[in-house]
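**Q** Residue strings, one per chain:
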Amino acid sequence: MPSTSTTATLRVRNLRKAFKDVVAVDGLDLEVGAGECFGLLGPNGAGKTTTIEICEGLTEADSGEVELLGLHWSANAGELRQRLGIQLQETQFPDKVTVFETISLFRSFFRHGPAPVDVMTLVQLAEKRNARVGGLSGGQKQRLALACALVGDPDFLFLDEPTTGLDPQARRQLWDLIEQFKLQGRTILLTTHYMDEAERLCDRVAIMDHGKTIALGSPRELIASIGVEHVVEFSAGGAARALELAALRSLEGVREVQTQNGTVLLQVTALHRTVPALLGELARQGVPLTELRTHSASLEDVFVTLTGRHLRDE
Amino acid sequence: MSDTTAIPGIPAKEMAAKAPRMDGAASHPLVELTLTRFREFLREPEAMFWVFIFPILLAAGLGVAFRNRPADVLKVATVTPQLAQALRQDKLLDVQQLSAPAAEEALRTGKIALLAEPGADGAVVYRYDDTNPEGRTARMLADRAVEKAAGRVDPVAAADRLLREPGSRYIDFLIPGLLGMNLMGSAIWGMGFAIVDARRRKLMKRLIATPMPRPYYLLSFLLSRLVMLVIEVGFLLGFGVLVFKVPARGSVIDLAAICVLTSLSFGALGLLIASRVKTIEAASGLMNLVMMPMWIVSGVFFSAQRFPDVVQPLIKALPLTAAIDALRANMLQGAGLAQVSGQLLVLSVWLVVCFPIALKLFRWR
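Here the protein sequences line up with chains A and B, keeping their order. Under our numbering, the first residue of the first sequence is numbered 1, with each subsequent residue one higher. Under our numbering, the first residue of the second sequence is numbered 1001, with each subsequent residue one higher.
Each hint should be verified, as a subset may be incorrect.
Computed footprint of chain B on chain A; a stretch qualifies when at least three of its residues, placed anywhere within it, have a C-beta under 8 Å from a C-beta of chain B [said to hold, decoys possible]:
1. 91 to 98
2. 102 to 112
3. 262 to 274
Chain A is nowhere near these chain B residues, computed Cβ spacing over 12 Å in every case [said to hold, decoys possible]:
4. E1032
5. L1033
6. L1042
Keep in mind the hints are simulated off the structure, nothing from the lab. The beta-carbon is built from N, C-alpha and C at its ideal position, and this holds for glycine as well.
Please work from the sequences and hints to get the whole structure.
**A** Next up, the structure:
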């Protein structure tokens, strides 16, 4: 979806928010177009949740402006609440209440929207209709949270880390659901610290670090912007220290060399030329190879290139 | 459930354009919120136990333990058949004739209250512990029987008329006390825990992210409390009246009014306690801190009058004291609302002071 041709439904200008002495959001600008799925990608503590909660009208900014669906929180909170669908990061619904009862409760707050049973079917919880929330799996609870975000037939959907803590299968299931909403023409703002999630779901991504946007564009553009197509990762056992990194840097097709905990990362443009050259060079240096991996450049590599750190510091 | 990644349901074509506003019938938010309150409560067996079963068990246990028994028959012993026969004339004495060592042993171990032995020259010697009321009573009864058997004639004729009126027994005192305690407990626990739990679960934050009118949330607590009140009070009162014949002399409407005001006052107090607390542990501690002193000094199990005069004004200003005094006056003396206006005033002050402060301090997250 070409984001430039649509009118912005969310405009954020020069947003600032500090908690005590920690600056969570530091002069942030954002524009999300109608029908767009926009992702805020960044490590924990980058200010994603604070940003999304300011947009949701749950947290007040210290300064800056938020315009949502042409409305402002200060003047149109009631109207905005009716038109937004919100899923928060760690809501725990009451354990003793059933799936259907929970959805009905949330449905009752909205003037318009689908029947609870339709939303329940949409998020594939129809079989769990009378199951108590306490007995649901993590993925089912997230889908219930999604259902509660959808009961008002929202024009704008906020999803804060929708798949955090889920197993891969449950994550894929949730992604499929979110893709459906995109097809329905809903505008979505989601936060995530999973690069694969952002690459798969988002039309555009803002990479955040320390409360600021450090890169903005479609996942494809962002990956292209670092000028590498592949990343080669290898370990050389205990010999890593003795490696001549300068020699690696001059290998054909290598753009960047980084070391992390004994692992060497090469950002390369032409994998088929670099790998044989690398093997030759390692043999020349007499370094035994203990591990070798390659993958296509991802948003993770964009983040690493921009900050020198990984999205998830493990 | 099948965890397939394919999504059944809406065909892609239909989804391409945003569907027009659908209107699934929705019930009123206040109804849904109140129903949620009930569901959470009724599906929590522990809560049901503490609110319904526990007060009844307590009432039954204490009622039986402290029941007014007919005057006890006192066990006494003697060593001669003549004395035994004389003593047996009194119906309130259970007389045993024992050998001297056995009688000695029974007296020492407290199995008998008194031992009557023949003394020199036809006299009688009573052996008993004069610090024990039973011993003293046995002494009087035994002596009366012995003297009568020896031919004493009482100069004044005396007759007994017995008074055993409901309303003056311990159970009659206890039931209104338990009722007050129950009203306090369920309002403070019920309100406090549910609110702190919803805050801890970030459920409250999620609710205010919807268009839910915020007063409805608190109103749902009020509504569910009022309905629960009827059941709770009915349960305990019904038990007291039917099983123990506890009197309910006052007007039922007055009683209901007292219960509602009590519940509102404690609800406001519970709301105040829960207005900012974020963990169940902290809430528990605070609630116990508030309720524990009242359990002790407000006259649930024994009269608050037993505390020194200096602290009486303080005790009377406590909401539980006011509630229990008003309930007792209504049930036992049949007092109308005018006669308990002092207590109602105390409860009202707690309500109008706590509620605005609680609303002012209240945090949704």
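**Q** With reference to the structure, classify each hint as holding or not holding.
**A** Do the hints match the structure? See the list:
| no. | hint | verdict |
| --- | --- | --- |
| 1 | 91 to 98 | holds (count 6) |
| 2 | 102 to 112 | holds (count 9) |
| 3 | 262 to 274 | violated (count 0) |
| 4 | E1032 | violated, 4 Å |
| 5 | L1033 | violated, 7 Å |
| 6 | L1042 | violated, 9 Å |
Going through the hint list in order, the structure does not satisfy hints 3, 4, 5, 6.
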